[in-house]
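Engineer: Residues per chain are reported as follows:
Protein chains: 2
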Amino acid sequence: MGTEKIPDITISRLPIYLRALQRMAEKGLQTTSSQELGELVGVTAAQIRKDISQFGEFGKQGTGYNILFLIAQLREILKVNRIWDMAIIGAGDMGRALARYQGFLDRGFRVLTIFDKDAEKIGDKAGDFIIQDAARMVKKIRQAGIKVAMLTVPVAEAQEVTDQLVQAGVKAILNYAPINLTVPPDIHVQYMDPATHLQWMTYYL
Amino acid sequence: MGTEKIPDITISRLPIYLRALQRMAEKGLQTTSSQELGELVGVTAAQIRKDISQFGEFGKQGTGYNILFLIAQLREILKVNRIWDMAIIGAGDMGRALARYQGFLDRGFRVLTIFDKDAEKIGDKAGDFIIQDAARMVKKIRQAGIKVAMLTVPVAEAQEVTDQLVQAGVKAILNYAPINLTVPPDIHVQYMDPATHLQWMTYYL
Chain A
2 MGTEKIPDIT ISRLPIYLRA LQRMAEKGLQ TTSSQELGEL VGVTAAQIRK
52 DISQFGEFGK QGTGYNILFL IAQLREILKV NRIWDMAIIG AGDMGRALAR
102 YQGFLDRGFR VLTIFDKDAE KIGDKAGDFI IQDAARMVKK IRQAGIKVAM
152 LTVPVAEAQE VTDQLVQAGV KAILNYAPIN LTVPPDIHVQ YMDPATHLQW
202 MTYYL
Chain B
2 MGTEKIPDIT ISRLPIYLRA LQRMAEKGLQ TTSSQELGEL VGVTAAQIRK
52 DISQFGEFGK QGTGYNILFL IAQLREILKV NRIWDMAIIG AGDMGRALAR
102 YQGFLDRGFR VLTIFDKDAE KIGDKAGDFI IQDAARMVKK IRQAGIKVAM
152 LTVPVAEAQE VTDQLVQAGV KAILNYAPIN LTVPPDIHVQ YMDPATHLQW
202 MTYYL
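As you go down the protein sequences, you meet chains A and B in turn.
Residues are numbered in our numbering as their position in the first sequence, beginning at 1, plus a constant of 1.
Residues are numbered in our numbering as their position in the second sequence, beginning at 1, plus a constant of 1.
It is possible that part of the hints are untrue.
Each pair may be met inside one copy or between any two copies, as identical chains are not told apart.
What the hints assert, rightly or not - When the alpha-carbon atoms are kept at most 16 Å apart in a straight line, the in silico EDC-like pairs for lysine to aspartate or glutamate are as follows:
hint: 1; residue 1: 126; residue 2: 94
hint: 2; residue 1: 61; residue 2: 77
hint: 3; residue 1: 28; residue 2: 158
hint: 4; residue 1: 172; residue 2: 86
hint: 5; residue 1: 122; residue 2: 134
hint: 6; residue 1: 61; residue 2: 37
hint: 7; residue 1: 141; residue 2: 86
hint: 8; residue 1: 80; residue 2: 107
hint: 9; residue 1: 118; residue 2: 161
hint: 10; residue 1: 122; residue 2: 164
hint: 11; residue 1: 172; residue 2: 125
hint: 12; residue 1: 6; residue 2: 52
hint: 13; residue 1: 118; residue 2: 94
I should point out that these hints are in silico values taken from the structure, not numbers from a laboratory.
Sequences are here, hints too, so could you generate the full structure?
Structural biologist: Here is the structure:
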């Protein structure tokens, strides 16, 4: 499919389309159009058709997209037609909230374990998980073959823990610490920093 | 300055530059270069120079950028040279985590109040805040002149609450509910949906 050449910006929209399609499917809808999907996600119909057509011919002129079929295709493209095990690093407020979050499984992810270095937290529960000793993090992540981690440690520790995650074989990090991480080129990082997103909006106010 | 014409993608990078510059300032650094800043945030030096030069001549050839001066300029551009009061809607795990989050104030934001519709939660504490009755949300937000809200309610309630926030005069919504919101054109929404960001990364694994 030549997926290597598809722009990042296109890829970044696919999870948003998938999310909207999954909502439609939950409502019992069977087909949709690029117009309808576009209005839902705030993208033009032409852009949606262009984005999706890069991966194949998934829609039919006049009848639109079969929602379940398009969901299956997008899940395959995004590699979430499987479940990715995840580790949470840091059992503070955010780490605990993520440990209890119910929105991962139907989107291709599952929390497997949570780590913290604080002796007072180790052994406590966070959601359904027993908080594990961060000293054993590298070994446990490597043994479990975990490739995806959510990082919720304080800023001062974030880079050091990131280096350990890379060493443990993690390839994708969702970073809640408000700091840019330095990683090798084959490691992916996404940032979940509320203040950054808020500042992006205040510019326009 | 003709700021109307500056692309969204440029604006989206400014909070990231600002965050990195604030870390440098905390470390006691006084000047930086587009190379150094670029390495820190994963953007080319040329892109940084181009982005920043759209707002004026803030750097000097050979001596680079004065960090505190550039911070002040970026804060002004992003309108966070003031403090924006915020409301949190939804006192679940995520709402409570945000109520206790310490990373807002030095970046231009302050939580003022938190609402929930659950009678069992109203009157409880979330961080330093007493959880308020969501039935009074529109009136209280309007009275307080709050323009920024963080939305952490369940998916099924997110659009209805959004409509109320718009009615109350809110102009910027940081949405933690994994659903696209429909808002008037002058309302800004940013999405904080971990599964979407995770799916964006798994494509590349």
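Engineer: Taking the hints in turn, state whether each one holds.
Structural biologist: How the hints compare with the structure:
Within a single copy, residue 126 and residue 94 get their C-alpha atoms as close as 13 Å, and across copies as close as 15 Å, so both meet the 16 Å cut-off. For a Cα distance limit of 16 Å, the shortest separation of residue 61 from residue 77 qualifies neither inside one copy, at 20 Å, nor across copies, at 49 Å. Taking identical chains as interchangeable, the C-alpha atoms of residue 28 and residue 158 lie at most 16 Å apart only when they sit on different chains, with a minimum of 15 Å there against 43 Å within one chain. Taking the closest pair of Cα atoms, residue 172 and residue 86 come within 16 Å of each other only inside a single copy of the chain (12 Å); across copies the shortest separation is 37 Å, beyond that limit.
For a Cα distance limit of 16 Å, the shortest separation of residue 122 from residue 134 inside one copy, 9 Å, qualifies, whereas the shortest one across copies, 33 Å, does not. Taking the shortest alpha-carbon separations for residue 61 and residue 37, only the intra-copy value of 15 Å comes in at or below 16 Å, while the best inter-copy value is 50 Å. Taking the closest pair of Cα atoms, residue 141 and residue 86 come within 16 Å of each other only inside a single copy of the chain (13 Å); across copies the shortest separation is 42 Å, beyond that limit. With identical chains, the CA atoms of residue 80 and residue 107 are at most 16 Å apart within one copy only, with a shortest distance of 13 Å there and 38 Å across copies.
When the C-alpha separation of residue 118 and residue 161 is checked against a cutoff of 16 Å, the pair qualifies only within one copy, where the shortest distance is 13 Å, while the shortest distance between copies is 41 Å. Neither within a single protomer nor between protomers do residue 122 and residue 164 lie at most 16 Å apart by alpha-carbon distance, with minima of 22 Å and 40 Å respectively. Proximity of residue 172 to residue 125 under the C-alpha cut-off of 16 Å is found in neither arrangement, the shortest distances being 28 Å within a copy and 40 Å between copies. Within a single copy, residue 6 and residue 52 get their C-alpha atoms as close as 12 Å, which meets the 16 Å cut-off; across copies the closest is 26 Å, which misses it.
In this homomeric assembly, residue 118 and residue 94 come within 16 Å of each other (Cα to Cα) only inside a single copy, at 15 Å, whereas the closest approach across copies is 22 Å.
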